[in-house]
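Position chain B relative to chain A; hints supplied.
Chains as they are written, first to last, in the working numbering: chain A, 1 to 337; chain B, 1 to 337.
Hints in this document: simulated from the structure, not taken from any laboratory.
Wrong hints could be hidden among the right ones.
Here are some chain B residues pointing at chain A (derived, C-beta under 8 Å) [claimed, not checked]:
no.	residue
1	A51
2	E87
3	G118
4	R285
No residue lacks a Cβ here, since even glycine has one placed at the ideal position from N, Cα and C.
Each chain is listed here by its residues.
2 protein chains.
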Amino acid sequence: MDRAPTIKDVAERAGVHAATASRALNPATRGMVNVRTANRVAEAARALGYAPNSAARSLRTRTSSVAGIIVPDLRNPVFPPIVRGIEDGLREAGYLALVGNTDGDPERERELLTAMRGRQTAGFILATSRRGDSFAGGPAVPTVLVNRRTDDGDTPSVTADNAAGVHLLVRHLVDLGHTRIGHVAGPRDLSTGWERYRAFLDATTSLGLEPAAAPVEFADAFTEPAGHAATLRLFAEHPGLTAVLAGNDLIALACYSALAELGRSVPGDVSVTGFNDMPFVDRQRPALTTVRLPHYEIGREAARLLLERIASPTAPAKRVVLPVELVRRDSTGPAKV
Amino acid sequence: MDRAPTIKDVAERAGVHAATASRALNPATRGMVNVRTANRVAEAARALGYAPNSAARSLRTRTSSVAGIIVPDLRNPVFPPIVRGIEDGLREAGYLALVGNTDGDPERERELLTAMRGRQTAGFILATSRRGDSFAGGPAVPTVLVNRRTDDGDTPSVTADNAAGVHLLVRHLVDLGHTRIGHVAGPRDLSTGWERYRAFLDATTSLGLEPAAAPVEFADAFTEPAGHAATLRLFAEHPGLTAVLAGNDLIALACYSALAELGRSVPGDVSVTGFNDMPFVDRQRPALTTVRLPHYEIGREAARLLLERIASPTAPAKRVVLPVELVRRDSTGPAKV
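The shape of chain A in the complex, shown without the other chains (with noise of 0.2 Å):
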């Protein structure tokens, strides 16, 4: 036909009267239609390459199916499986995703947290948020936090348990007989940089390291060219040190260059350990010790809240906290004596 298909002529095809048509197609009313007449009047649908008008829907009910997903940088590797798992979710229940990048730039996040409530995002899902924020989403906007969350913990949120990954492989490293540890910290504004650095404090006090023993140096972002900079002033301070815990794989990537650069070997003079498991740090040389977080899971469990939030916005925001491993490769080995 040369008109886009409508709603009669789905019914029509499928046998049924249009208001039938209409609440099979619509997964809010779609409990109300047998089974078998709603895979008909899908069966139609599809065929006819129906589209039905959810702008229209979307005026009257003030509801929508778009929820929209903020992220520092889609090319940071952690966060393809997060936006993955968060799409997958979201798709099972009816809902497209909006993906925006910031930079980190918190005035790039307010533009696209803007342009997407003019588009009647029913919720939002934040990888940008800094342990200050209040709330990001804006009043009666249902928010959740993934990856990162705020201090205040008034928004529901999703994240990795830095903690136990921390205790983990300060437990490893003390096993292989180091006593001095370093620490190449994450931003003190980000909460798995804030999390990650205070477990090192409690994991080392802990395991009766003194805190002269294990010093901790700050990199400014959680990258290689940062990771690197932070690492040469650590050894500088502290050449001693005879094991590393980078507070993820980018800076564990640049500890090994930076050490490379100091005459150092990995892991015959000093071991290093990362954080995520990101993609191919099993292949560099040495492959790199981590602790591997359940990225997609977080996504998914990330919109599995959203939805809770959007169906009872005035619930109580919800903490959940994956559990994470500790993978041993070939970066960490006995202390040197």
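Relative to chain A, chain B alone:
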């Protein structure tokens, strides 16, 4: 204020008529307002947190400020920089990006297209097309293909110069003295697999290799498991090869592991080349010789083409091919004699 700000609030704050404020905030009519007024209105809108109700505008004008991006799987390292480039290009024109994954399933692709069309999506950028596809976005919805294209050329596309990349690699191997070069090709039904395969035949022929000295084995997918199996098949038939041109970087990494199983060293016994220069292949042992594709620029260019297409839907379908670059690293060396 307790209620959401309206266009009248914005106009009042900016000291202009509501109609002027409305024009200034609509990308389609902004040119009718002088620049300083437009900036003042934008500033007022930002200060008040005004979100234009684009669902209402969408219904009136049947246009939209959303475009759909569909990829096989964001977790494939090729796609994040492409999607990021698209998103940056779209955003500068005031468009938001809906993103969906299909895992190569045509049924899921149809569902996504239908759902996105139902949201008044202004156009699509598809990274999922197969050579035999005819139109993907449905009639009357502007569509651009990215990374892959269809054989018929009816749809605008942005791809890398696959043929030139293969010629660079074959020339590089021949210059190193290789005379028996195998190709572990990607799937024939994808333009990326097909174009590289055809270019391999052309390049080896034009450089004087007999077909028997340039055998080809097809991998079922551009993945490590498929590449591993195909490499083993290739060497079972042709044990005397001294070089392998892999269909992409993941297949090249699979060549490393398959050759290690066969007791062959890289590049001592066999040189290996990749395609894409995905992140971290410079860190593999040996660092991978490959062809660098401008993935981010491919995405930007696709966004530009889509915006052109939205502005003039019946303009001829452009095919943009971006240049590639040989990156010599350690996985290729002189032919063993």
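Against the structure, the hints come out as follows:
1. With 8 Å as the threshold, the beta carbon of B/A51 comes within range of chain A, its nearest partner Cβ sitting at about 4 Å, so the hint holds.
2. With its C-beta approaching chain A no nearer than about 6 Å, B/E87 sits inside the 8 Å limit, and its interface hint holds.
3. For B/G118, the interface hint holds, since its Cβ comes within 8 Å of a Cβ in chain A; the closest pair sits about 4 Å apart.
4. This hint holds: B/R285 has a C-beta 5 Å from the nearest C-beta of chain A, less than the 8 Å allowed.
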